[in-house]
Amino acid sequence: MTRRRPLAVAAALAAAALLTSCSSDMPADSAAGAASESAAKEGADKPSKFFQQAEYERQLTLAKATPEGPADKPWEQMLEPEMIDTAQYKKKGSGGTHLCFSNAGVFNPWRQVGLKDMKAEVKLHKEITGFTVLDAQGKDDKQISDIQELAGNKSCDALIVSPNTTATLTPAVKEACGKLPVIVFDRGVETDCAVTFINPIGGYGYGAVAADFLVDKVKPKGKILALRISPGVDVLETRWSAAKLAFDKSRLDVVDVKFTDGDPAKTKSIVADAISRHGSVDGVWMDSGATSVAAVEAFEDAGVDVPPITGEDQQDFLQAWKDKKLTAIAPTYPTFQWRTPVIAALRVLDGKQVPKEWKLPQPTVTQDNLDQYLQEGMPPLHYAMCGCQDLPGYPKDWGGKK
Amino acid sequence: MTTANPTVGPYKRVARSLGTGAPVYVLLAVLLVALAATDPGFYEPDRFLAFVKRAAPLVILAAGQYLVIVCGEFDLSVGAIVTAGVVVAAELYGSYPDASWAVVTGGLLLAGALTGLVSGLITTKLRVPSFITTLGMMLILEGAVFFWTGGSPHGSLPEEFRRLGRGTAGGWLPWAVLACLVAGAAAVFLMRSDFGRTLIATGDSERTAALAGVRVHRVRVIAFVLSGVAAALAAVLVGGFSGVSAQAGRGYEFEAITAVVLGGVALGGGRGSVVAAMAGAFSLQALFTLLNLQGVSGALESTVQGVIVIAAVGLGAADFSRLRRRRTHLSGGTPS
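So the protein lines, in turn, are chains X and W.
Read in order, the letters of the first sequence correspond to residues 1 to 402 in the working numbering.
Read in order, the letters of the second sequence correspond to residues 1 to 336 in the working numbering.
Any given hint might turn out to be false.
Each pair of labels, with its calculated beta carbon distance range [said to hold, decoys possible]:
(1) W/Trp148 to X/Ala65: 40 to 50 Å
(2) W/Ser95 to X/Glu300: 47 to 57 Å
(3) X/Gln137 to W/Thr38: 34 to 44 Å
(4) X/Val304 to W/Leu178: 18 to 28 Å
(5) X/Gly96 to W/Glu159: 50 to 60 Å
(6) W/Trp148 to X/Asp192: 35 to 45 Å
(7) X/Lys396 to W/Tyr96: 13 to 23 Å
(8) X/Arg251 to W/Thr38: 20 to 30 Å
(9) X/Asp192 to W/Leu110: 53 to 63 Å
(10) X/Lys401 to W/Ile132: 34 to 44 Å
(11) W/Ser302 to X/Lys221: 46 to 56 Å
(12) W/Trp148 to X/Ala167: 34 to 44 Å
(13) X/Gln137 to W/Tyr96: 27 to 37 Å
(14) W/Trp148 to X/Gly69: 31 to 41 Å
The following residues of chain W were derived to be distant from chain X, with all beta-carbon distances above 10 Å [unchecked claim]:
(15) Val33
(16) Gly41
(17) Ala102
(18) Ile122
(19) Asp194
(20) Val238
(21) Ala246
(22) Leu293
(23) Val307
(24) Leu315
Simulated from the structure, these hints should not be mistaken for lab results.
Built from N, CA and C at the ideal position, the CB exists for glycine as well.
All chains, full assembly: derive it from the sequences and hints.
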């Protein structure tokens with residue numbers, strides 16, 4: 001018995017390590033990412049190391065630009081495209097096209113909606129006779145071998161990659177570029193060898209939209225609570241750094257910056273504590289919308305009015321927004337971007353021009369267009385900006401009811 | 001907290017039961033004082049009850065986990081049971097929006113018991129270490145939920161179902177606090193019954209217990225079943241508190257084990273009180289709240305949590321390893 005105990009303790013520790021490591025819904029590098037000791041106390045004059053002035057300005061400009069392409073198909077639109085020739089990739093001979101896709105994983109509802117979009121888009125094109133998806137399950141090492149396998153596979157005509165992390169996946173993508181046309185989307189890699197890189201405007205645009213809304217709606221000196229998922233993930237850091245800049249310039253008082261781990265129960269606790277500690281909270285800024293309903297409920301449970309709040313295009317938040325008549329806004333990182341790589345791949349294999357960097361619009365859900373995006377009968381974790389309403393299998397394949 | 005049982009308990013017994021979990025009571029007291037210092041409003045009735053409400057699912061999970069750990073096993077599947085419970089309830093309501101609260105809750109508790117039964121039978125009859133059995137069970141449940149829902153549960157949880165986790169009785173007492181009190185009292189009652197003694201005896205020495213006529217397999221299976229029921233009850237509370245989430249139970253198994261360990265319960269079994277385990281859960285929740293109020297954020301939160309867990313357990317183990325060795329040494333001479 002006594003001898004068994006160290007074993008048991010070791011087992012428990014191993015379990016703990018295992019559980020914490022596999023329960024994260026962020027890429028593997030996020031947990032180890034740089035944690036700001038207390039983001040709330042960071043000086044206003046100290047910019048985040050994730051902040052890049054030029055990119056910030058570019059995204060704010062892009063947000064105002066008019067996209068080229070069909071207005072009813074935002075996934076085919078482009079913002080300020082620089083077109084390149086792809087004649088060298090034109091598919092020779094007849095026969096169907098085989099597309100291959102290395103996915104970082106389907107570890108959150110956003111990615112699940114996206115993958116359904118992509119699969120349905122594939123079904124729209126008769127010329128695609130094969131579509132191979134390898135799921136890296138959020139692991140860099142698995143994705144590296146996935147990419148090598150697909151790039152070496154003679155039947156793949158083009159390779160689509162949604163990288164799990166930026167730096168680690170770069171060499172694998174570079175190697176694949178030498179073998180077949182590669183299309184990168186969603187998250188980037190540190191090489192421009194891909195034929196095209198597809199993504200929406202970006203994190204600065206997202207964070208600024210939400211912060212500007214609060215600056216507009218909350219009275220001066222109002223207390224703002226900022227809720228973030230976790231530190232050290234670039235797409236989330238850019239959202240916060242843009243918001244911080246907007247708040248610093250405003251007369252609003254950011255009283256707390258907290259990490260929720262995307263956990264609704266933890267979010268409720270954080271908001272409840274903030275309300276009682278500061279007397280009131282006059283606005284809530286969020287770097288993503290998964291926990292916004294929990295935040296709304298925390299105000300309700302505390303018996304106070306819900307202040308202006310930001311969220312995302314997740315169904316449950318849009319529903320709560322409408323039902324509870326919230327003052328809200330929802331910037332998006334649209335899931336319709338998952339349709340674009342398939343379209344781009346077919347264009348490339350056809351020898352048609354594509355933009356070197358295919359920037360998609362990034363629409364915002366506002367009070368005015370809320371009804372347009374809120375679709376009855378969709379599941380609570382559905383993303384409204386899926387651009388999937390015209391796709392085969394909708395709404396059933398997305399979990400909705402007719 | 002939940003154990004006041006005036007009919008039983010001469011001072012000696014109280015002192016002895018305090019003894020095993022002494023560090024956790026000290027820790028809890030320190031944390032509660034620190035909370036009062038940080039936030040003077042913390043002990044207003046509303047806020048304190050809200051704190052207990054938040055802690056309720058973890059306390060119930062810790063009580064269930066205690067039963068399994070004290071008889072020498074582990075249950076790593078409780079977090080997955082919580083997630084599965086929340087998702088299954090949402091799916092049920094998605095298909096049958098008018099389903100009654102009692103039926104859905106009863107169904108969840110039954111399913112929790114069944115999950116525990118399977119884990120228990122595999123552990124005892126097939127002699128698979130419970131660490132592996134419940135790890136497997138965790139993966140099976142997580143995968144099944146994922147496969148079934150595509151990660152995006154249908155439907156939503158109606159007000160009626162969420163009342164237990166979110167609402168209040170009589171306008172001031174959260175139902176979750178009542179549920180926590182009832183579950184705590186039941187656990188204490190259980191541990192003071194014959195079953196509780198055989199459970200501890202099994203964890204202390206399986207062979208001795210078996211020779212003394214304890215049906216160790218059955219005792220262990222029952223512990224797993226009760227842990228499954230506790231996890232299902234926690235699922236009802238968590239779902240009620242925070243609504244539909246595909247990751248509702250994420251990390252709960254780790255927190256429950258941490259709470260039990262904080263309570264001075266020996267991993268490997270045979271020692272520790274259920275009250276201390278539940279006090280461990282309260283301590284963890286108090287720690288989370290304190291860190292939140294102090295503005296400690298992000299990764300540092302886990303670090304502080306880790307340091308406190310190690311310190312508290314180290315403090316507890318310092319005395320007991322000596323005591324235990326002496327006892328083992330003494331029993332070593334007796335013929336078997």
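Now the hints, each set against the structure:
W/Trp148 and X/Ala65 have their C-beta atoms about 43 Å apart, which keeps the hinted 40 to 50 Å range intact. Range check, W/Ser95 to X/Glu300: about 27 Å between beta-carbon atoms, so the 47 to 57 Å window is missed. Judged by the Cβ atoms, the range 34 to 44 Å given for X/Gln137 and W/Thr38 holds: they are separated by roughly 41 Å. Between X/Val304 and W/Leu178, the C-beta spacing of about 25 Å keeps the proposed range 18 to 28 Å intact.
Taking the beta carbon of each, X/Gly96 and W/Glu159 are about 52 Å apart, inside 50 to 60 Å as hinted. A hinted range of 35 to 45 Å for the beta carbons of W/Trp148 and X/Asp192 is consistent with their spacing of about 41 Å. At roughly 18 Å, the beta carbons of X/Lys396 and W/Tyr96 sit within the given window of 13 to 23 Å. The given range of 20 to 30 Å is respected by X/Arg251 and W/Thr38, whose C-beta atoms sit roughly 28 Å from each other.
For X/Asp192 and W/Leu110, the hinted distance range of 53 to 63 Å is satisfied, since their beta carbons lie about 58 Å from each other. For the hinted restraint 34 to 44 Å between X/Lys401 and W/Ile132, the CB-CB distance of approximately 40 Å keeps it satisfied. Separation of W/Ser302 from X/Lys221 is about 34 Å and departs from the stated range, judged on CB atoms against 46 to 56 Å. For W/Trp148 and X/Ala167, the hinted distance range of 34 to 44 Å is satisfied, since their beta carbons lie about 35 Å from each other.
At roughly 33 Å, the beta-carbon separation of X/Gln137 and W/Tyr96 lies within the given 27 to 37 Å, and the hint holds. At roughly 38 Å, the beta-carbon separation of W/Trp148 and X/Gly69 lies within the given 31 to 41 Å, and the hint holds. Interface exclusion of W/Val33 from chain X stands, the closest Cβ pair being 17 Å apart, more than 10 Å. Interface exclusion of W/Gly41 from chain X breaks down, the closest Cβ pair being 6 Å apart, not more than 10 Å.
Listed as a non-interface residue, W/Ala102 keeps its Cβ farther than 10 Å from every Cβ of chain X; the least gap is roughly 23 Å. Look at W/Ile122: its CB is around 17 Å from the nearest CB on chain X, clear of 10 Å, so calling it non-interface holds up. No Cβ of chain X comes within 10 Å of the Cβ of W/Asp194; the nearest lies about 22 Å off, and the non-interface call holds. Distance check for W/Val238 against chain X: the nearest CB is about 6 Å away, which does not clear 10 Å, and the non-interface claim fails.
Distance check for W/Ala246 against chain X: the nearest CB is about 6 Å away, which does not clear 10 Å, and the non-interface claim fails. With a least CB separation of 6 Å from chain X, W/Leu293 falls inside the 10 Å interface cut-off, contrary to its annotation. Consistency note on W/Val307: stated as away from chain X, and its beta-carbon is indeed over 10 Å from all of that chain's, at 14 Å minimum. The beta carbon of W/Leu315 is kept farther than 10 Å from every beta carbon of chain X, the shortest such distance being approximately 15 Å.
Violated hints for the displayed structure, listed by number in ascending order: 2, 11, 16, 20, 21 and 22.
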